[in-house]
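From first to last, the protein sequence lines stand for chains A, B and C.
Under our numbering, read the first sequence as residues 1 to 255, first letter to last.
Under our numbering, read the second sequence as residues 256 to 448, first letter to last.
Under our numbering, read the third sequence as residues 449 to 1011, first letter to last.
Accuracy of the hints is not assured; some may be wrong.
Under the rule of at most 20 Å between Cα atoms (straight-line distance), these lysine to aspartate or glutamate pairs were calculated in the EDC-like manner [stated by the list, open to error]:
no.: 1; chain 1: B; residue 1: LYS366; chain 2: B; residue 2: GLU376
no.: 2; chain 1: B; residue 1: LYS338; chain 2: B; residue 2: GLU286
no.: 3; chain 1: A; residue 1: LYS132; chain 2: A; residue 2: ASP161
no.: 4; chain 1: B; residue 1: LYS366; chain 2: B; residue 2: GLU419
no.: 5; chain 1: C; residue 1: LYS741; chain 2: A; residue 2: ASP110
no.: 6; chain 1: C; residue 1: LYS648; chain 2: A; residue 2: GLU69
no.: 7; chain 1: A; residue 1: LYS58; chain 2: C; residue 2: ASP651
no.: 8; chain 1: C; residue 1: LYS741; chain 2: A; residue 2: GLU156
no.: 9; chain 1: C; residue 1: LYS741; chain 2: A; residue 2: GLU57
no.: 10; chain 1: C; residue 1: LYS741; chain 2: C; residue 2: GLU877
no.: 11; chain 1: A; residue 1: LYS54; chain 2: C; residue 2: GLU984
no.: 12; chain 1: C; residue 1: LYS957; chain 2: C; residue 2: ASP805
no.: 13; chain 1: A; residue 1: LYS132; chain 2: A; residue 2: GLU156
no.: 14; chain 1: C; residue 1: LYS741; chain 2: C; residue 2: GLU984
no.: 15; chain 1: C; residue 1: LYS881; chain 2: C; residue 2: ASP805
no.: 16; chain 1: B; residue 1: LYS261; chain 2: C; residue 2: GLU994
no.: 17; chain 1: B; residue 1: LYS416; chain 2: B; residue 2: ASP344
no.: 18; chain 1: B; residue 1: LYS338; chain 2: B; residue 2: ASP434
no.: 19; chain 1: B; residue 1: LYS416; chain 2: B; residue 2: GLU369
no.: 20; chain 1: C; residue 1: LYS881; chain 2: A; residue 2: GLU57
no.: 21; chain 1: B; residue 1: LYS261; chain 2: B; residue 2: ASP413
no.: 22; chain 1: C; residue 1: LYS648; chain 2: C; residue 2: GLU994
no.: 23; chain 1: C; residue 1: LYS741; chain 2: C; residue 2: ASP805
no.: 24; chain 1: A; residue 1: LYS132; chain 2: C; residue 2: GLU994
no.: 25; chain 1: B; residue 1: LYS338; chain 2: B; residue 2: ASP413
no.: 26; chain 1: A; residue 1: LYS58; chain 2: C; residue 2: GLU984
no.: 27; chain 1: B; residue 1: LYS261; chain 2: B; residue 2: GLU419
Quick caveat, the hints were computed from the structure, so don't treat them as lab data.
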Amino acid sequence: MDFGEVTEAVMYERYITAASTYAHSIDHLFLLIAALVGFWLIVAEVVLFALVFKFREKEGQSTRYITGEEKELHRWITIPHMLVILCDIVIIVPAILVWYNIKQAQPPADRTVRVYAQQWAWSFQEPGPDGKLDTDDDVRTVGELHVTVNTTYHFELMSRDVVHSFAIPSFRLKQDALPGRTITGWFRPNRVGTYDIQCTQMCGLGHALMAGRVIVETQQDHAAWLMRNSNPSLAAQPAAPAPAPESTTMAEVRR
Amino acid sequence: MSATAKPIANTRSVTGIPTARLITWWVIASEIVIFGGLLAAYLMHRLGHPEWAASASHTNTWAGAFNTFVLLTSSLCAVLAHKAADALDGPRAARLLRLTALGGVIFLTVKGFEWTTDIREGFVISSGGFWSYYYTLAGLHGLHVLAGAVIMLIVASDAAKNRELQRVECIGLYWHFVDIVWIFLFPLLYIAR
Amino acid sequence: MSEQVQHAGHDHPEPGFFLKYCWSTDHKMIAMQYLFTGMAMAMIGGFLAYVFRMQQGFPNHYVPGFGLVTPGRYNEVVTMHGTIMIFWVAMPVLIAAFGNYLIPLMIGCDDMAFPRINRLSYQIFLLSAIVLLGSFLVKGGAFGGAWTAYPPLSASGAYNLTPIGATLWLLAVALEFVAFLLGGINFTVTVMNSRAPGMKMFDIPILIWMIVLATVIFMASAGPLIAGAVMLLFDQTMATGFYDPVRGGDPLLWQHLFWFFGHPEVYVVLLPAMGIVAEIIAVFARKKLFGYKSMLYSTWGVGILSFVVWAHHQFVAGIDPRMANVFTVTTLLISIPVAELVFLYIATLYGGSIRLDTPMLWALGFLAEFLIGGVTGIFLGSSGTDIYLHDTYFLIAHFHYTFVPIAIISVFAGITFWYPKMFGRMMNETLGKIHFWGTVIPFNVIFIPLFMTGMAGDQRRIYSYAQFAEQSRPALQHLRTTSTIGLLVMLSFQLIFIFNFFWSMRNGKRAEANPWRSTTLEWTVPSPPPHGNFAELPTVYRGPYEYGLPGRADDYWPQNAPN
């Protein structure tokens, strides 16, 4: 089977590209958990089947009367029990570290973009060549987010109607968008290419059609794209008023 | 009430608590979590929205206080009814239960006037966060008062004939619960500013 | 004994059809009503699964028996599949049907403590099922906003486009909760107060313990959601703004209320399933359960911990990210008592003499499959990996590896085990075994590929991946098609069960009172038990699992045998 042209050593990439800096930390955590729980699964299944085979009903076999309160037998529960606790700790610590790095600690932003979710489209507001949001040269796009490779982005995520979820599988990024709130997150793409944006929270009739694309470009390509799309003549005009639902949302957020 | 005899399961009492009282406690326990969920949601939002105090100031505190008094008095009647039932005096228990139910009716009547005034002043259930909770909480409580009063009259009609006297205590317990819910609602909806 | 005298007093003439089948207060008849309603709903839920799996496996093709699956229909079908399978199959069959049938029999009394409340509980349940199914027929169709019904989508017809369906869905769920609150209260009171003389706390069969704990967990967790449902109903119909951020509400409030119920709900259905499996393992391994008390303490631990893990469903929902750390820890903690339970079950097999009859196959199948469901939960409970796996098919596969063992495998275990008691005949063993393998093997064929598509980023509730370049790779489509074929095979093998179930009722070998040589009280009465259950109400002398006691002629020692 052909899972794409990705050939990196990480097994996970057989399934999906890793195109952001934290993608690998999630994949490694996945592999760690897979190794630990895989071990337990195999041990438990093997013991289960071995016991069924060994103690199957045979001619002249009598059962042993065991209550399970006997010390020397209960060991067989207590010791695995302790090991399970140990494994839990071994999983909890890196799980929280990965979470902390992705969702709690936000590295300083090189650029900030704004992401609007609505039934059933993604729209984006990116700073123009001046690098600042809410100026006249901002670029507004629908369904396509253009970003520069190896640049730390903050995103401000908003929903104009129902709950959506902003997911870029190749970045291992997922964050629900809530009406009435602005949720900030970050990502740092590290591989040039075009990747899917999904909505992963049921949002109504067009949920499956709510696709977007994130286009990771080199510095030069991105600068050229910005120049093409950010009309400098706009600078002479007053900033376009934001659409009504959006301003409601913003006002609500800043309450 | 059908004439089916009670199963033996109903007459046993392994815990020492009579089955009827035990089920009443469980009903109350499951009601507590329903009101608890609603009250917790209200409190969280109320704390997050100091501006709701302005809406709350439109509520009629005097009507609320009078209703509190009515409910407390009716609970007293329910206690006396229980005493009478313990003394196997069914007719007296029935009279006291009917008095208790009358308290419920007065409560609902006052509530009706209160709500009519509120609605006339333009405060309906969709008028804002506070009013939504006000009508939902008080409405759900009012339904419990209504249901309690109806059941109480049914129990009273049995008790008058000295039948099913153990139910007098159960409906009394339930009535105290409804009362206590109101003791929470009154300050949270009417007094808190 | 005065109890017997009283009992003899209420032998009445055979009631007519309506009184016997529709208006009965007999716990066994109510159990049958729940069982058959649950099975009918399972067929509907299975048909819905067939519809959306066909769309997944063979996108945009005509689905025989349904037609073309449009996005709107797809949403309805997945929403209803989830709702029906959890609330109208797992709950009524596992708790209500088995609970109703077995509680009075296993604790040694003649009926539930409040038979008419019991009847009312079923009637409300039936009404809720009718309301739910009726929502398919209303204008706009059934609700399609996922079984979790997150507002604002579920709160406004302008968003979900199924205003009537959404309200009916909510009403049905609320009614169903009321039905189970009534039933659950009755169960709890009956077990607390109506046990046979001599049956102390630790003489209660583990299944009864687990059903009661499950109903207590349900009662404690469902209340807030009932309140939440009232609020959502007002949002839908009276333009209130409980969940509307513009008017001071909060959409996250519903998510908290829903999952505060939703996660304990997993254990509400898991515990009775574990109980059924425990009973069967003890009987067919001819063994005392390994550590009855440890088992109980673990179950209590699961029950308590289940109330503090709910936010792991909301890691990426926009809650304070610091909360995720707390809930990761509690979520992984719950793996400890659950693992303990599974270890104890496996340990029970040690030193036994295991007969692999159909019920035992199902019970062992439950353990083998549930283990997979359990360990894959760790990936989702760890906040770090959940960022990626949340709401993907990895999650779908994980919880089906828990819910299929719970709601399907353990139910088959229970039905094949208690069938002789319920209907007085044995089921056909050969057909039973064919059905077992024909269900369990395709089950893995369905869900192992879905773990893989989930790792590849397939998100759930998507009717077609055509919009997504990464998801429309042919390799992933092969996996989806494989899964669909697995489902078709699994569904077709269910016909064998249905045939066996109804054929054996008339043609099975007649069952004696205790065909499995079991110790618990339900096997001391004739099969099927008469009205009033026990000719002479039993007294209990010992715990429920006295198998293979040295120095006795029989290898089992019934609970009610004086010596």
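Need the status of pair LYS338 (chain B), ASP413 (chain B): alpha-carbon distance at most 20 Å?
This hinted pair holds, its Cα atoms lying about 16 Å apart.
With a cut-off of 20 Å on the C-alpha distance, tell me whether LYS338 (chain B) and GLU286 (chain B) pass.
violated, 25 Å
Does the structure keep LYS741 (chain C) and GLU156 (chain A) at a Cα separation of 20 Å or less?
violated, 53 Å
Mind checking the alpha carbons of LYS54 (chain A) and GLU984 (chain C) for me, to see if they're no more than 20 Å apart?
The given pair, whose Cα atoms are some 41 Å apart, is violated under the 20 Å limit.
Compare the distance between the alpha carbons of LYS741 (chain C) and GLU57 (chain A) with 20 Å, and conclude whether the hinted pair is satisfied.
violated, 27 Å
Pair hint LYS416 (chain B) and GLU369 (chain B), alpha-carbon separation not exceeding 20 Å:
violated, 38 Å
20 Å Cα cutoff - pair LYS881 (chain C), ASP805 (chain C):
holds, 8 Å
Between LYS741 (chain C) and ASP805 (chain C), is the straight-line Cα distance small enough, at 20 Å or below?
With Cα atoms ~27 Å apart, LYS741 (chain C) and ASP805 (chain C) exceed 20 Å; violated.
If you draw a straight line from the CA of LYS261 (chain B) to the CA of GLU419 (chain B), is it 20 Å or shorter?
Satisfied, since the Cα-Cα distance of roughly 12 Å is no more than 20 Å.
Is the hinted pair LYS132 (chain A) and GLU156 (chain A) satisfied, with a Cα-Cα distance of at most 20 Å?
With a Cα-Cα distance of about 13 Å, the restraint between LYS132 (chain A) and GLU156 (chain A) holds, given a limit of 20 Å.
Is it true that the CA of LYS132 (chain A) sits at most 20 Å from the CA of GLU994 (chain C)?
Cα-Cα ~77 Å, so violated.
For a C-alpha distance cap of 20 Å, please report whether LYS366 (chain B) and GLU419 (chain B) respect it.
The hint is violated at about 32 Å.
Of the numbered hints stated above, those contradicted by the structure are hints 2, 3, 4, 5, 7, 8, 9, 10, 11, 14, 16, 19, 23, 24, 26, listed in ascending order.
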